[in-house]
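Each protein sequence line maps, in turn, to chains P and Y. The first sequence begins at 862 in our numbering and counts up one residue at a time. The second sequence begins at 862 in our numbering and counts up one residue at a time.
Treat the hints loosely; a few may be bogus.
To be verified - Here are the simulated lysine-lysine pairs, DSSO-like style, with alpha carbons at most 30 angstroms apart:
no., chain 1, residue 1, chain 2, residue 2
1, P, K973, P, K1025
2, P, K887, Y, K1108
3, P, K1161, Y, K887
4, Y, K938, Y, K961
5, Y, K1161, P, K914
6, P, K1130, Y, K1141
7, Y, K1161, P, K956
8, P, K1025, P, K1061
9, Y, K1108, P, K1108
10, P, K961, P, K938
11, Y, K885, P, K1161
Note that these hints are calculated values from the structure, not bench results.
2 protein chains.
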Amino acid sequence: MEVIECVPNFSTSDSQIVEQIIEKIKKTSEAFLLDYTFDAYYNRLVVSFVGNKHSVVEAALNASFKAIELIDMRTHKGQHPRIGAVDVVPFIPIKNVTMKECVELAKKFGEKLAEKCDIPVYLYGEAATCPERRDLDWIREGEYEKLAGMIAKPKRKPDYGPAKFNPKAGATITGARKLMAGFNVNLGTSNLKIAKKIAKALHAKKGGFSNVKAMAAFIPEKNITQIGMSIVDFDKTPLYRVFELLKVECARHNVPIIGSEFCGMAPLKALIDVATYYLKVDNLSQDRVLEIAIQNAMEKGDSFE
Amino acid sequence: MEVIECVPNFSTSDSQIVEQIIEKIKKTSEAFLLDYTFDAYYNRLVVSFVGNKHSVVEAALNASFKAIELIDMRTHKGQHPRIGAVDVVPFIPIKNVTMKECVELAKKFGEKLAEKCDIPVYLYGEAATCPERRDLDWIREGEYEKLAGMIAKPKRKPDYGPAKFNPKAGATITGARKLMAGFNVNLGTSNLKIAKKIAKALHAKKGGFSNVKAMAAFIPEKNITQIGMSIVDFDKTPLYRVFELLKVECARHNVPIIGSEFCGMAPLKALIDVATYYLKVDNLSQDRVLEIAIQNAMEKGDSFE
């Protein structure tokens, strides 16, 4: 039995709209909602659900149709880069499914969405049709505000749908990628300039870790700043290493770390890496974690009742 | 569907005997072997398996009959306290089963083992028949070597079987307890005296953490010492706190920590506590771990194929 995770990002934090989008996923048969979070400062909804090859595409489409119906990009503001109402829709192989198959799912999703909603769709990550497009940020350059001009450039021709600016919905990016870890760290300062310096120290393109994207945001409700990070390959760049460097940079600027959170689900492997480092554990694999070992043992022996 | 874990400890590190004991668990239908470890310095085999109410007792009995047949306590030496060939057999509630039901399983196991093998059996932990017997160490006082004398005392009358010393098999302790975390830390010193001081600082009865048992052992193959710990309630006394105090005591004696390992399976909750502390994570529950969330979501929706 295959399991694919889908983590669509929608450009809204309006709780009524959120509810209607989530409802569409819940109602898709054989799709299972894991989590969703949204906040005003990013003005963004991040959803996580799993399904099989059929249901995962079905649920992503159902939710996206609703989002495009309800979200108007002409009035959207937020601290997170975005180019569309349905901003980015990655498909992630979890179990008994290959990356190649996830690429096919992204293509299927992109083609259907473009056709049905008449919007431009780009393929990224493992589904990219040219090297630049592997990079989400390259596609998103100039964001929604400059999309009309960008889309007209020949090398930025959409993979599906019209090369024509859709003011209400913007454009959508879909693709396939490895499971990544999202991790946000709250800083005890309201100084966004300092937070940006700290984010820069970690960010791949600014000389930081090659598998890390880091950005700084101001959180008005708490009057603090936050470093939002995506660790694209946490096998190669484990979370503890990123966190320890963050601590170093924070110390340099005399900024306390006041808390942190996983953005979306926490991958077990990332937690194991943390324990392995801080407790100096010699060998700890996923199948040595009790709850996973039980699951594996019982899947093997199906007579267990 | 209920899941009970059983973690029997046998007094052997003879690989041929180990193999035959393990085989008995593997061959019990609806019982699932998770793990087993044994080493010469403790001269002890620790097995972990899961099953339902029926199969968990069945497998524990099958393995114990074989152990009693093959192990001779008259020639047994080891650094871990023990009173019998089948030293201790705890039943641990994991899923859809109460502690009370696990107490019943322990009693069933103990009664059958005593009857079939004609050996003294004590009930401990939640299954104890008087307050002193809740404590494994109280029952094991004087170990195998003094068992003949101990067993004759009225307040040490076995719960099952004859109040008579069995030289070949010794006695067995069985019971029910909460899931605990076993954690061993290797110290870069061969000085057992120092290791014992460090263990003492952590050990409940010596003024350490009320939920921690700690002992020191010498590992001749590596010429180092090891602190072996059982954290009996890792919700109340989280692993990071124990480890941080261990670091403090090691620093005091100028002893480096050179590695560590979970003894048996690592409980997910213990790993979460570690990440929560070292990464300052605000809220991370088991159901926010991707692999567990997927498992839960799919168990709820049984149409997933």
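Consistency of the hints with the structure:
1. P:K973 / P:K1025: Status holds; Cα separation ~17 angstroms.
2. P:K887 / Y:K1108: violated, 48 angstroms
3. P:K1161 / Y:K887: holds, 13 angstroms
4. Y:K938 / Y:K961: Violated, because 35 angstroms separates the two Cα atoms, which is more than 30 angstroms.
5. Y:K1161 / P:K914: holds, 19 angstroms
6. P:K1130 / Y:K1141: Within the cut-off at roughly 18 angstroms; holds.
7. Y:K1161 / P:K956: Given pair K1161 of chain Y, K956 of chain P holds - Cα atoms ~18 angstroms apart, limit 30 angstroms.
8. P:K1025 / P:K1061: violated, 34 angstroms
9. Y:K1108 / P:K1108: holds, 20 angstroms
10. P:K961 / P:K938: With a Cα-Cα distance of about 35 angstroms, the restraint between K961 of chain P and K938 of chain P is violated, given a limit of 30 angstroms.
11. Y:K885 / P:K1161: holds, 18 angstroms
Checked against the numbered hints listed earlier, the structure breaks hints 2, 4, 8, 10; every other hint is satisfied.
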